[in-house]
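Asker: Sequence order for the protein chains is A and B. Residues are numbered in the numbering used here as their position in the first sequence, beginning at 1, plus a constant of 35. Residues are numbered in the numbering used here as their position in the second sequence, beginning at 1, plus a constant of 35.
None of these hints come from the bench; they were simulated from the model. Since the model is a prediction, treat every value here as computed from it, not as a measurement. Incorrect hints may have been included.
Which copy is meant is left open, so a pair is good if it fits within one copy or across any two.
Claimed, not checked - Restricting the straight-line Cα-Cα distance to at most 20 Å, the calculated cross-link-like pairs of lysine to aspartate or glutamate (DMTMM-like) are:
hint	residue 1	residue 2
1	K55	E227
2	K283	D269
3	K152	D234
4	K219	E287
5	K283	D273
6	K157	D95
7	K275	E287
8	K157	E175
9	K216	E287
10	K263	D132
11	K275	E191
Number of protein chains: 2
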Amino acid sequence: MNIVLIGAGNLATNLGKSLKANGFDVAQVYSRTEESASVLAKLLGCSYTNSFENIAKGADVYFVSLKDSAFAENAKDIVKGREEAMFVHTAGSMSLDTLPCKRRGVFYPMQTFSKNKEVDFKAIPTFIEASSDSDLKLIENVAKTLSNSVYVLGSEDRKYLHLSAVFCCNFANHCFALGEKLLKEHGGVPFEVMLPLIDETARKLHAISPRDGQTGPAARWDTNVMDKQMAMLDENPDMKEIYAMMSKSIHELSSF
Amino acid sequence: MNIVLIGAGNLATNLGKSLKANGFDVAQVYSRTEESASVLAKLLGCSYTNSFENIAKGADVYFVSLKDSAFAENAKDIVKGREEAMFVHTAGSMSLDTLPCKRRGVFYPMQTFSKNKEVDFKAIPTFIEASSDSDLKLIENVAKTLSNSVYVLGSEDRKYLHLSAVFCCNFANHCFALGEKLLKEHGGVPFEVMLPLIDETARKLHAISPRDGQTGPAARWDTNVMDKQMAMLDENPDMKEIYAMMSKSIHELSSF
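Same shape as in the complex, but just chain A (with noise of 0.2 Å):
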């Protein structure tokens, strides 16, 4: 099967590295910077290009990795003289339609991409769906060479999917960088203190659902504790929002 990369993000970086480790034929890497393009194409001992008229014509499978803005802004010009093959695109976020040509997919591994950080490819989960029962065989097969879990599923769930992955990932992950802040701006203990911790919060819910094992001041409803929290955030008034903010959706959540 041959395979042409659109994108050299963290997604298609580490795409591209396990679907080559998997012996896929990957043959081009287009990226808007020529930069991009030849940092991931040598990785994958491929050509490069940074025009979309230079993108190779003939593959069987085109990936596209691209911001959804820059998608959606060239999905045209992406697609041109290559109408009849097949287009697959990765984002959580967008429906099947987006594609405009007729063989269209979706191969969505839900899991948070860095380019320097490897991640074991056969543990994320990942969501196809296809225009056809054959394109959807085609992409299983790829999926399922890649992952060890592999879901069917339409667009409309999955664009709730990618919703809670942002606040399962994403937003999460900002609750730890504020965390972080705190810790530079009062008394200097390292950050790495506070892994114990997270790993904790995460092993947890291995066992116990988050609603059920949440603990803390807005969980108790100690609002000895929150007032005084809130009042040592008055220099960062973003933070006392989100701050109270989330303590109210703890405390509503908790009692629905």
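Given the coordinates of chain A, assemble chain B onto it according to the supplied hints.
Answerer: Relative to the frame of chain A, chain B by itself:
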């Protein structure tokens, strides 16, 4: 060393078990309700009471693990008749001065505790403080027997450490709970599919700071996706507000 535990909640339960496992003599448990007191006392093989008057006199150390408000209301009754003893509280958010006695200490194991979920006390960063050098030594001996990472930290810095822990543990966990809520409401994908993403989000922090490792729509400032996701939360106004606040805060933190 003869120890009395005042409190029988999640922290007291885990602390009591660890003290006992390390050979300390827990003589008695106090809890407001007879049931909680008896459950923990049975676990530790000691006596119990639900009245402040009947708390044993003459113990070497009294560990106080009550909800902050319960502690504030009852501090005098707890100490009364035991003025010469050493009292140690376990609350991250309370200062050393809160204890109305001469020999005061703090022993704050920074972890999220559930009664039925065993945690490895050895790995818990534990922050200690005391009103005299000799009592600091005493607390340090206990702490170093229980945990491999013990830090001496003053009350003011500990307050911010605890606030940081609220963000890193309780608020992050609430993001997981909100993600779970979305999955329940849409499509019925089981929450378990989020665990690899959450595990990786936590694991990543051992290599990259949360600020530098942030990904997702707000980090890319992909307003296309963000607007669509906000619209998906129209039925959940509180979650919509949290989405907006968190996204704005992610954007601002990445650019300072």
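Asker: Each of the hints needs a verdict: does it hold here or not?
Answerer: A quick look at each hint next to the structure:
no.: 1; hint: K55 <-> E227; in the structure: neither (35 Å within a copy, 28 Å between copies)
no.: 2; hint: K283 <-> D269; in the structure: both (18 Å within a copy, 18 Å between copies)
no.: 3; hint: K152 <-> D234; in the structure: both (18 Å within a copy, 14 Å between copies)
no.: 4; hint: K219 <-> E287; in the structure: between (31 Å within a copy, 17 Å between copies)
no.: 5; hint: K283 <-> D273; in the structure: both (15 Å within a copy, 9 Å between copies)
no.: 6; hint: K157 <-> D95; in the structure: neither (23 Å within a copy, 54 Å between copies)
no.: 7; hint: K275 <-> E287; in the structure: both (18 Å within a copy, 15 Å between copies)
no.: 8; hint: K157 <-> E175; in the structure: within (14 Å within a copy, 45 Å between copies)
no.: 9; hint: K216 <-> E287; in the structure: between (27 Å within a copy, 12 Å between copies)
no.: 10; hint: K263 <-> D132; in the structure: between (50 Å within a copy, 15 Å between copies)
no.: 11; hint: K275 <-> E191; in the structure: between (34 Å within a copy, 18 Å between copies)
Violated hints, listed in ascending order, are 1 and 6; each of the other numbered hints is respected by the structure.
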